[in-house]
Amino acid sequence: MIRITDLHLHRDGQPILHGIDANIPATGLTAVIGPNGAGKSSLLHCLAGLTAPDQGAVQVGNADIAKARPADRARMVALLTQSTPALPRLTVAELVAFGRWPHHRGRPTRADREIVAQSMDAFDLAGLAGRRVDTLSGGQRQRAFVAMAHAQSTPWMLLDEPLAALDPKYARDIMDRLHGLSRPGPDARGIIVVLHDLAMAARYADWVISLKDGRLVGNAPRSDVMTSEGLSALFESDIIVEDLRGRPVVVLA
Amino acid sequence: MANRRAIWLLLALLLASALYLAWGLRQPYGFILSLRGTRLAALALVGASVGAATVVFQTIVGNRLLTPGIVGVDAMFVLIQTTLILTLGGIGYTALPALPKFLIEAGCLAGAAMILFGAVLRAGAADMTRLVLTGVILGILLRGLTGFMQRILDPSEFAIAQASSVASFNAIDPVQLAIAAPLFAVALVFCLRLAPVLDVAALGRTHARALGVDHDRLVLLALALVASLVAISTALAGPITFLGLLAASLGGAMLPNWRHALLIPVAALTGALILVAGQFVFERLLGLQSTLAVIVEFLGGLVFLALVLKRRPI
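Chains as they are written, first to last, in the numbering used here: chain A, 1 to 253; chain B, 1 to 314.
Watch out, some of these pointers could steer you wrong.
Using C-beta positions, here's what the derived DEER-type ranges look like [to be verified]:
1. A:S83 to B:G111: 45 to 53 Å
2. B:G111 to A:Q55: 32 to 40 Å
3. B:G118 to A:D243: 56 to 64 Å
List of simulated lysine to any residue pairs, SDA-like, C-alpha gap at most 20 Å [to be verified]:
4. B:K101 to B:F158
5. A:K67 to B:D216
6. A:K169 to A:A122
7. A:K67 to B:K101
8. A:K212 to A:S232
9. B:K310 to A:R110
10. A:K212 to A:S42
11. A:K67 to B:M254
12. A:K67 to B:G252
13. B:K310 to A:S42
14. A:K67 to A:P85
15. B:K310 to B:M254
16. B:K310 to A:A122
17. A:K67 to A:A52
18. B:K310 to A:P85
19. B:K310 to A:S232
20. A:K169 to A:S137
21. A:K67 to B:K310
22. A:K212 to A:P85
23. A:K67 to A:A57
24. B:K310 to B:G252
Note that these hints are calculated values from the structure, not bench results.
All figures in this text were calculated on a predicted structure; none of them were measured in a lab.
Here a beta-carbon is modelled for each residue, glycine too, at the ideal position from N, C-alpha and C.
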């Protein structure tokens, strides 16, 4: 479980996060939603320990993530940020292999190579292993970066808007795979995804955290947070959540 | 494949070195070989230093266009030399023993380079335009300051300052070379030890940190190595602004990827080969002794322009 306690964050004197208190379940897929500027990415960076809060703490398991050593932190939480770098001449296999860095620190073992192969298989990249990352389509490229985070073999995977600029086919493909990884089982991961696409959040999330102006609005199972009233108030726009064949569907009124 | 290219490069450097030493050799062999040997060692050391330093610098700032020279280190060196001439006087400066002169210049330059890199990095390493502009403006500021100080010098001191501001391999001091060589070797070994983590750093600061790299510590360590390598080579022979860009770009183009374990030695070998082969052609074949630095600057400048116009930042 991730425990967030009284989290405050400021940037350039401006408050970004105000006293966030929340618990995130260790398995399942958690979606972080909210309007632009709500503090979603900042919260994710705090959860990954890349940004130290001004006040409060984030406990990942038993560890205060902000105080963990960089290598220990990267063995607990994998973070994929919004912007992925341009990487001329780097192959998919080389990119995914970077995910093992926190474990081998430059001296990869056979076990590391096997895990990289498993991550490539999990994201259907085996056929693209030798392809250069800068020659991939947007969907393939994003899948390669998610596979890199997967190869970190961390109990938690945090992804900041991994569906940005992807068409529905690729977006569903990535969410299907992440959802599969988060199902209870011996290799289950806790997946936390910042999502702008409410339809995807409604379709895949087990748990939803909603933020507005840096404050926590909702932190509960999807069905409790993603209601017509809740989403309309959160985004200040008429949004309807309907049930379609047992699944929630989000519609702009 | 990539390893084979590095071996070919090494063989080319050995061939160029042999030609430089043996071409037109005449009596007294021992004396001439010792003169040529000193100059050859300086050429190889300066080229390798600048090549390796540039690759590490480019990875840390996340930009394959920048070199320590472009962001103002060369202007800083000329300012330090002019300051020394102004404070010690022309005679005092030229009478300085080789050891303290090298240590003062290299030490001042290494310290100043660290401050300069800090200022440039604060300007925003990811913003290429801002970085280049900051470097160029710092360079103009330092050159302006140097120009002002040179106006105060008397004509003979001014001539000394002018001569020492251009890279030259014609009067390499063996004592300075003997100090520079082990320092260079130590710095290069440290650079190679950093090679695997530099591969991760090439993903960018956020990704590197997410993968468990202590990025701030790495930047400090890498910039200290870059400052040391640049200070050693510049104090030994003088500044050649675009040599690093030429060595890193040509070296990088030979390799299939940016793996630093190979990229650093290949850029070092390329830098050494450019200077040794260039000096051989100009000194032995064309009989021109002082145009190599100018040609390197000219070609390096063209490569810089081509890369800028191509707009491929990494």
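Hints, one by one, checked against the model:
no.: 1; hint: A:S83 to B:G111: 45 to 53 Å; result: 35 Å, violated
no.: 2; hint: B:G111 to A:Q55: 32 to 40 Å; result: 38 Å, holds
no.: 3; hint: B:G118 to A:D243: 56 to 64 Å; result: 58 Å, holds
no.: 4; hint: B:K101 to B:F158; result: 18 Å, holds
no.: 5; hint: A:K67 to B:D216; result: 15 Å, holds
no.: 6; hint: A:K169 to A:A122; result: 17 Å, holds
no.: 7; hint: A:K67 to B:K101; result: 46 Å, violated
no.: 8; hint: A:K212 to A:S232; result: 12 Å, holds
no.: 9; hint: B:K310 to A:R110; result: 40 Å, violated
no.: 10; hint: A:K212 to A:S42; result: 12 Å, holds
no.: 11; hint: A:K67 to B:M254; result: 43 Å, violated
no.: 12; hint: A:K67 to B:G252; result: 38 Å, violated
no.: 13; hint: B:K310 to A:S42; result: 35 Å, violated
no.: 14; hint: A:K67 to A:P85; result: 27 Å, violated
no.: 15; hint: B:K310 to B:M254; result: 18 Å, holds
no.: 16; hint: B:K310 to A:A122; result: 37 Å, violated
no.: 17; hint: A:K67 to A:A52; result: 8 Å, holds
no.: 18; hint: B:K310 to A:P85; result: 18 Å, holds
no.: 19; hint: B:K310 to A:S232; result: 47 Å, violated
no.: 20; hint: A:K169 to A:S137; result: 13 Å, holds
no.: 21; hint: A:K67 to B:K310; result: 43 Å, violated
no.: 22; hint: A:K212 to A:P85; result: 29 Å, violated
no.: 23; hint: A:K67 to A:A57; result: 9 Å, holds
no.: 24; hint: B:K310 to B:G252; result: 16 Å, holds
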